[in-house]
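Novice: Below, each chain spelled out in residue letters.
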Amino acid sequence: MALPDRTSLATVVRRIASFMKKPFSKLPEALVRLLIVFAAVIGLTIVVVKFVIPPRFKDTRIQWAETTEKEAAKPLRYAGAVACTECHDEIVAEKKKGYHRDLSCETCHGPTKAHTEDPDNIKPPAPRDRKFCPVCHTFNPSRPRGFPMISPVAHNPMKACFTCHNPHDPKPPTVPRECSACHGEIARTLSVSHHVQLKCTTCHKVPARHRVSPRVVKPTKPASRDFCGKCHGQESSYKGSPKVDLATHGEKYVCWQCHYPHLPEVE
Amino acid sequence: MDRRSFLRKLLSSLALSGGVLGGFLRILPARALETAEPAKTLWGFGVSVDKCIGCARCVVACKTENSVPKEPFFYRTWVERYMIPKTGEAEVTNIHTGLAPDAEVPSKPIFRSFFVPKLCNQCAHPPCVQVCPVGATFSTDDGVVLVNDKTCIGCRYCIQACPYGARYLHPETHTADKCTFCYHRLNRDLLPACVEVCPTQARVIGDMNSAASPMTRFKRMNKIFVLKPNLNTEPKVLYANIDGEVR
Chain H
1 MALPDRTSLA TVVRRIASFM KKPFSKLPEA LVRLLIVFAA VIGLTIVVVK FVIPPRFKDT
61 RIQWAETTEK EAAKPLRYAG AVACTECHDE IVAEKKKGYH RDLSCETCHG PTKAHTEDPD
121 NIKPPAPRDR KFCPVCHTFN PSRPRGFPMI SPVAHNPMKA CFTCHNPHDP KPPTVPRECS
181 ACHGEIARTL SVSHHVQLKC TTCHKVPARH RVSPRVVKPT KPASRDFCGK CHGQESSYKG
241 SPKVDLATHG EKYVCWQCHY PHLPEVE
Chain S
1 MDRRSFLRKL LSSLALSGGV LGGFLRILPA RALETAEPAK TLWGFGVSVD KCIGCARCVV
61 ACKTENSVPK EPFFYRTWVE RYMIPKTGEA EVTNIHTGLA PDAEVPSKPI FRSFFVPKLC
121 NQCAHPPCVQ VCPVGATFST DDGVVLVNDK TCIGCRYCIQ ACPYGARYLH PETHTADKCT
181 FCYHRLNRDL LPACVEVCPT QARVIGDMNS AASPMTRFKR MNKIFVLKPN LNTEPKVLYA
241 NIDGEVR
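Order-wise, the sequence lines are chains H and S. The opening position of the first sequence corresponds to residue 1 in this note's numbering, with each subsequent residue numbered one higher. The opening position of the second sequence corresponds to residue 1 in this note's numbering, with each subsequent residue numbered one higher.
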């Protein structure tokens, strides 16, 4: 193929130019100007969006990474229990033995980050009045069974808690004679039931270890039907209790599997 | 070009371009070896409902740690008290955070009663993230849902969308706010404030991808339930020993 000579090149250029002119030459001039303005605006927008606006304004992934960093860098208020052990090792060792062993220092003393940074001038509060301990230890029927609860109105009303109980190793000054010290809900239920005269130990054997590890060593429950039968069996000589025939009544169950002994039904 | 040379050239060029393409797309076995990364952290939260004593120390600690407004109904975590009568609907109240014990008397005789701590469930499929019109809320790689308060426009869509009611509009910043599992504490190897102060260890947190973490033990030792499982949000807050009445 031979190279085109000059004249034919000029013809090609002229033809292309006339072709480019053609579409515009047929349009009204006002529209052509408008199109030019539109093209300029679109071009400018593309330039602005692509190059002028910084990427962190557009890209959510950058924003999210920034938020994650910002969130991770937020200041602390609670220092964490480990921080306390560095200086207060004696109290920590004392607390480890008692019922409050799993309780964090800051549950009672409040946020202590400021105290760890400036231990001499900023002291965390120690609640010493009768308002704080009842937050956890007031009787409330919604609390789990066996959690130690008292009625602040009836329980030594004028004394501050720490006069009798060491909050770092709390235990009753004397071993509680009454089970109601912890089992408040059962004691209250029992007090309005027909079994109000029965002692806890009539039906439950309580191992001594139960007072030390209440959740690990548990009191017994009557294991046989004959136990309730002593009062409720037909042969029982005890008067004033409803009687059933043990041989035919609820054969395979122990009595307390249907009847709640702390509040037996009246009928 | 005869048939033999045509076939030879065709096959060899196919093999060559296939190899180049395969190398470019990295579908060769070398890629499989490359991706054996260690499992990432995935934060999970456990709540033992039967251990909660309703002292609201968690709520107070959360408000202090995260500058949540004290009053009246702004919570990142809160504790509900369920009172279930012999017949009829359960009565649910939000326990208050003051020092005086609850004086509320139920209207009906109560059959059983308990406390349920609640917080953001950090769903794997979070409805709040789906509805955000500006992409201000998102899931991090370690499974926590966060809010970008710079781009949040305060439209409240996410607050409406959350089936657990875990979000609120912060009255000062006018942006959505919610529990972050105390993301700033987790990143410093500390427990979230609520877990730190809980006196009965009703709350635990840990890495669910780790073979040995408090959360792995929690999942192994308990019968686990999540709130509103029918919504398929796949919460990362797991409940143990929870009552069927809890909504």
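A couple of the hints might just be wrong.
Unchecked claim - A few chain S residues facing chain H, derived, Cβ under 8 Å:
(1) I53
(2) E65
(3) F138
(4) A193
(5) P199
(6) S210
Unchecked claim - With a straight-line Cα cutoff of 25 Å, these simulated SDA-like cross-link-like pairs (lysine to any residue) come out:
(7) H/K113 to S/F74
(8) S/K108 to H/P144
(9) S/K118 to S/F74
(10) S/K118 to H/D102
(11) H/K252 to H/L263
(12) H/K74 to S/F111
(13) H/K113 to S/T97
(14) H/K96 to H/I150
(15) H/K74 to S/D149
(16) S/K51 to H/K50
(17) S/K51 to H/A73
(18) H/K74 to S/L169
(19) H/K221 to S/R112
(20) S/K150 to H/Q63
(21) S/K150 to H/K123
(22) S/K219 to H/K123
(23) H/K239 to H/R211
(24) H/K123 to S/F225
(25) S/K51 to H/C133
(26) H/K70 to S/R156
(27) H/K74 to S/V68
(28) H/K70 to S/K219
(29) H/K113 to S/R156
(30) H/K218 to S/F111
(31) H/K131 to S/S17
(32) H/K205 to H/A181
(33) S/K86 to H/Y253
(34) S/K63 to H/P111
(35) H/K123 to S/S67
(36) S/K70 to H/I150
(37) H/K74 to S/T64
(38) H/K70 to S/I153
(39) S/K40 to H/A73
Hints are computed from structural coordinates only; laboratory data are not their basis. We put the CB at the ideal spot given by N, CA and C, even for glycine.
Novice: The structure should be examined with respect to each hint, and the outcome stated for every one.
Specialist: These are the hints, each one checked on the structure:
1. Contact between S/I53 and chain H, as hinted, is supported at the beta carbon level, the nearest pair being about 5 Å apart and thus within 8 Å.
2. The beta carbon of S/E65 comes within 5 Å of a beta carbon in chain H, closer than 8 Å, and the hint placing it at the interface holds.
3. Interface restraint check for S/F138: the shortest CB-CB distance to chain H comes to about 5 Å, inside 8 Å, so the restraint holds.
4. Using the Cβ-Cβ criterion of 8 Å, the hint placing S/A193 at the interface with chain H is satisfied: the shortest such distance is roughly 5 Å.
5. Evaluation of the S/P199 hint against chain H yields a held restraint, the C-beta minimum of about 5 Å falling below 8 Å.
6. The beta carbon of S/S210 is not positioned within 8 Å of any beta carbon in chain H (closest approach about 19 Å), and the interface hint is therefore violated.
7. For a cut-off of 25 Å, the pair hint linking H/K113 to S/F74 stands: about 24 Å separates their Cα positions.
8. Taken as a hint, the S/K108 and H/P144 pair is honoured in the structure, with Cα atoms around 20 Å apart against an allowance of 25 Å.
9. Distance hint between S/K118 and S/F74 is fulfilled; the C-alpha atoms sit about 13 Å from each other, no more than 25 Å.
10. This hinted pair checks out: S/K118 and H/D102 have alpha carbons roughly 22 Å apart, not beyond 25 Å.
11. With a CA separation close to 22 Å, the supplied pair H/K252 and H/L263 stays within the 25 Å bound.
12. Between H/K74 and S/F111, the direct Cα distance comes to roughly 45 Å. Violation of the 25 Å bound is thereby established for this hinted pair.
13. A threshold of 25 Å between alpha carbons decides the hint, and for H/K113 with S/T97 the separation of about 22 Å falls inside it, so the pair holds.
14. Of the pairs offered as hints, the one joining H/K96 and H/I150 holds, with about 24 Å between alpha carbons and a cut-off of 25 Å not exceeded.
15. Distance check on the hinted pair: H/K74 and S/D149 sit about 13 Å apart at the alpha-carbon level, within 25 Å; holds.
16. For the hint pairing S/K51 with H/K50, the CA-to-CA distance comes to about 57 Å; that exceeds 25 Å, so the pair is violated.
17. A C-alpha spacing of about 32 Å is found between S/K51 and H/A73, which places the hinted pair above 25 Å, so the restraint is violated.
18. The straight-line distance between the Cα atoms of H/K74 and S/L169 is roughly 19 Å, inside the 25 Å bound, and the hint therefore holds.
19. Our distance criterion of 25 Å between C-alpha atoms is met by H/K221 and S/R112, whose separation comes to about 21 Å.
20. For the given pair, S/K150 sits about 9 Å from H/Q63 by alpha-carbon distance, which is consistent with the 25 Å threshold.
21. Using a Cα cut-off of 25 Å, the hinted pair S/K150 and H/K123 is violated, with the two alpha carbons roughly 36 Å apart.
22. At most 25 Å may separate the alpha-carbon atoms for a hinted pair to count; S/K219 and H/K123 exceed this at roughly 39 Å.
23. In summary, the hint linking H/K239 to H/R211 is not supported, as the alpha carbons are separated by about 35 Å, beyond the 25 Å threshold.
24. Distance restraint check for H/K123 and S/F225: the Cα-Cα separation of roughly 42 Å exceeds the 25 Å cut-off, and the hinted pair is therefore not satisfied.
25. Restraint check for S/K51 and H/C133: the C-alpha separation of about 18 Å stays at or below 25 Å, so the hint holds.
26. Distance hint between H/K70 and S/R156 is fulfilled; the C-alpha atoms sit about 22 Å from each other, no more than 25 Å.
27. For the proposed pair H/K74 and S/V68, the alpha carbon gap of about 14 Å is at most 25 Å, so the pair holds.
28. A C-alpha spacing of about 31 Å is found between H/K70 and S/K219, which places the hinted pair above 25 Å, so the restraint is violated.
29. Taking the CA atoms of H/K113 and S/R156, the gap is near 34 Å; set against the 25 Å cutoff, the hint is violated.
30. With a CA separation close to 24 Å, the supplied pair H/K218 and S/F111 stays within the 25 Å bound.
31. In summary, the hint linking H/K131 to S/S17 is not supported, as the alpha carbons are separated by about 81 Å, beyond the 25 Å threshold.
32. Between H/K205 and H/A181 the alpha-carbon distance is near 17 Å, which keeps this suggested pair within the 25 Å criterion.
33. Only pairs whose Cα atoms come within 25 Å are accepted, and S/K86 paired with H/Y253 is accepted, the gap being roughly 23 Å.
34. Between S/K63 and H/P111 the alpha-carbon distance is near 11 Å, which keeps this suggested pair within the 25 Å criterion.
35. For the hint pairing H/K123 with S/S67, the CA-to-CA distance comes to about 21 Å; that is within 25 Å, so the pair holds.
36. Only pairs whose Cα atoms come within 25 Å are accepted, and S/K70 paired with H/I150 is rejected, the gap being roughly 28 Å.
37. Note on H/K74 and S/T64: the hinted pairing holds, with a Cα-Cα distance of about 13 Å set against a maximum of 25 Å.
38. For the proposed pair H/K70 and S/I153, the alpha carbon gap of about 18 Å is at most 25 Å, so the pair holds.
39. Restraint check: the Cα-Cα separation between S/K40 and H/A73 comes to about 20 Å, which is no more than 25 Å; the hinted pair holds.
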